[in-house]
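J.: Below, each chain spelled out in residue letters.
Number of protein chains: 2
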Amino acid sequence: MKNIAVLFLCICLMGGCKKTSEKPESVSLQKSVASSQTQDFGIVIHGGAGSILKDHTPDSLRMAYTQKLEEAVRAGHTILAEGGSAMKAVRASVKIMEDSPLFNAGKGAVFTHESTNEMDASLMDGKNLKAGAVAGVMHVKNPIELAYKVMENSPHVMLYGEGAEEFAQEQGFELVDPAYFYTQDRYETLQRVKAKTKKEEDSGIPRKDTLVKTAFYDSKIEDYKFGTVGAVALDKHGNLAAGTSTGGMTNKRWNRIGDSPIIGAGTYANNKTCAISCTGWGEYFIRGDAAYDVSAMMEYAVKSLEEAAKTVINEKLPGEGGGGLIGIDSRGNMVAEFNTPGMFRAFMGENGKPVIEMFGKE
Amino acid sequence: MKNIAVLFLCICLMGGCKKTSEKPESVSLQKSVASSQTQDFGIVIHGGAGSILKDHTPDSLRMAYTQKLEEAVRAGHTILAEGGSAMKAVRASVKIMEDSPLFNAGKGAVFTHESTNEMDASLMDGKNLKAGAVAGVMHVKNPIELAYKVMENSPHVMLYGEGAEEFAQEQGFELVDPAYFYTQDRYETLQRVKAKTKKEEDSGIPRKDTLVKTAFYDSKIEDYKFGTVGAVALDKHGNLAAGTSTGGMTNKRWNRIGDSPIIGAGTYANNKTCAISCTGWGEYFIRGDAAYDVSAMMEYAVKSLEEAAKTVINEKLPGEGGGGLIGIDSRGNMVAEFNTPGMFRAFMGENGKPVIEMFGKE
Chain A
177 MKNIAVLFLC ICLMGGCKKT SEKPESVSLQ KSVASSQTQD FGIVIHGGAG SILKDHTPDS
237 LRMAYTQKLE EAVRAGHTIL AEGGSAMKAV RASVKIMEDS PLFNAGKGAV FTHESTNEMD
297 ASLMDGKNLK AGAVAGVMHV KNPIELAYKV MENSPHVMLY GEGAEEFAQE QGFELVDPAY
357 FYTQDRYETL QRVKAKTKKE EDSGIPRKDT LVKTAFYDSK IEDYKFGTVG AVALDKHGNL
417 AAGTSTGGMT NKRWNRIGDS PIIGAGTYAN NKTCAISCTG WGEYFIRGDA AYDVSAMMEY
477 AVKSLEEAAK TVINEKLPGE GGGGLIGIDS RGNMVAEFNT PGMFRAFMGE NGKPVIEMFG
537 KE
Chain B
177 MKNIAVLFLC ICLMGGCKKT SEKPESVSLQ KSVASSQTQD FGIVIHGGAG SILKDHTPDS
237 LRMAYTQKLE EAVRAGHTIL AEGGSAMKAV RASVKIMEDS PLFNAGKGAV FTHESTNEMD
297 ASLMDGKNLK AGAVAGVMHV KNPIELAYKV MENSPHVMLY GEGAEEFAQE QGFELVDPAY
357 FYTQDRYETL QRVKAKTKKE EDSGIPRKDT LVKTAFYDSK IEDYKFGTVG AVALDKHGNL
417 AAGTSTGGMT NKRWNRIGDS PIIGAGTYAN NKTCAISCTG WGEYFIRGDA AYDVSAMMEY
477 AVKSLEEAAK TVINEKLPGE GGGGLIGIDS RGNMVAEFNT PGMFRAFMGE NGKPVIEMFG
537 KE
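Top to bottom, those sequences are chains A and B. Each number in the working numbering corresponds to the 1-based position in the first sequence with 176 added. Each number in the working numbering corresponds to the 1-based position in the second sequence with 176 added.
Just chain A, with the same shape it has in the complex (with noise of 0.2 Å):
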């Protein structure tokens, strides 16, 4: 198992880990699910994108990752069955996932080069344009929640790290423990991603790349994935909302801030568009705007969610920006699309019939 893991790490390294959209007419890779069809409420979840392929994983982690998508997908489906609100699902699904080891946000947070845990999570509100977010919270079991607050109890959209957990504090969140997020998978994952890092550093490749290159490993897949959850939702109401949580980078240094907690970059919902959470290579995602620049093409280039989807994903990320991208528009119309060879995700509408998947071609 081990010889698999560093072959496939290995080719990450070769150039495996980059984005396949340089010649999107011939990505065979990419996938599109949306559904076409006007309905009243949906959900969409994700736990990442990746080199998740069917070859490196057991069934047994494919039934685990389905069990546990099937059960976030349907918590928030729930909620919004009976007429809760988008706001409402969005926090109920990210939370499941949250609390499982086998995403990276949450309890199953990768670990920084200080084998600490620094969590980043935003969440937006398409129906009036309010939104919360946190980065480098290091003592909150469900940074989402923390989000939540943030956005409905402060002035403020964003806070961080020590002060972000102080508002906590006084919004009567129990602080845990850091030891709450330890995993042994992600704690030899960052051991291994050191060592890998340091060789290549001793050989004279400059750490600029070495720490980037490494970090995407994740020893669940047997290869690299951009971890993230995130959800979005559309409810009776005709309100839109989104969310989205993550541990970020493995071996990630100097408070490293990704895409995720920020608002336009990971997260962004809007009632006149759509609700988009994004997972990738937060970098490239923040550089281009991914999850508004969705937004903002199907209101000005008048766009269907799929295309603009597609057209950001595919072509508009700077760079080798890797990752996909969740969403819902105000019709109901869903989408999971990425440039990596698989996603876990998650969909239901008016139906209650969930549709899951995490590999290419289903």
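By construction, these hints were calculated from the structure, which means they are not laboratory data. From a predicted model like this one, the values you see are computed outputs, not experimental measurements. It is possible that some hints are incorrect.
One copy or two, it doesn't matter: identical chains are merged, so the pair holds either way.
Stated by the list, open to error - Below 35 Å or equal to it, Euclidean Cα-Cα: the simulated DSBU-like pairs (lysine-lysine) are:
#1 LYS303 with LYS374
#2 LYS230 with LYS448
#3 LYS479 with LYS374
#4 LYS230 with LYS325
#5 LYS372 with LYS303
Once you have looked at the hints, place chain B on chain A.
T.: Quick look at chain B alone, frame taken from chain A:
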């Protein structure tokens, strides 16, 4: 003088801080300065927007701002005239404003609730969409220079606080004593704002509201101001760049991050469209994705820079989002658009004649 300050603070607290664009057709304070001719290079800078009015800006202060704005715009212009890059010009102009106590950035940064100074800055290069940003730094004399190093020498776009400063040291920055950022004016402003906030809280107004209402009081102009400095430039090679730097809101808490360090919100540059730097009530600029929105409107709705800037500032910012932005497009058209009574700004194009303005109608 103190009585005048209190009077204007009261006016501000009674609603004067509100965005005036709820009825944009009747607003007489908006102003757009735009040149429609094509030119090879040019630069626009700003030093914040707010209730900057002739009646309460003594000649000596007006002179001080005029001189410093001219020095800053000339510094960038000289670089452009000699064939230097837009990125270099933007940094040079912003640095001069960071080094002056007149502006809320660098030396003149406002104080947080804890009597510290937490500074944010970001830069974007329109040529390759590369970007760098720092937030919450407390010991860096020129945050704009650190944002540049993040862009050039790290794999990341955005770093926070202590981590950002550790990176700064690795990059050869000398950290400065926080005492460097002490200015009597700003410190007194904090005390005044705290007293006012406390009084309001004691009277039962939720802190969520009191914090924001008082946060933009600026003793320099005896009223409210959304401090922040920024610059945008077009160089002879056709490249655009934008940069923004700020101390944020007086009395800010919980490690609040505003729009200035957020790519897409406070800063954006893309050779295809424009370079933008914003100043204003950061939370609304984040929710509106203001800087990128100007670019998106130009790209997708084929609007001119001036049309897009007017639309974003006067129609698209959500809620009470007050403030302004400066922009330059790939043909050298320049704009400063704001929904506040005034904005410190300067323009300099091919003809080498600086235009310095601060009030609404000049």
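J.: I'd like to know which numbered hints this structure contradicts. Please list them from smallest to largest.
T.: 2, 3, 4
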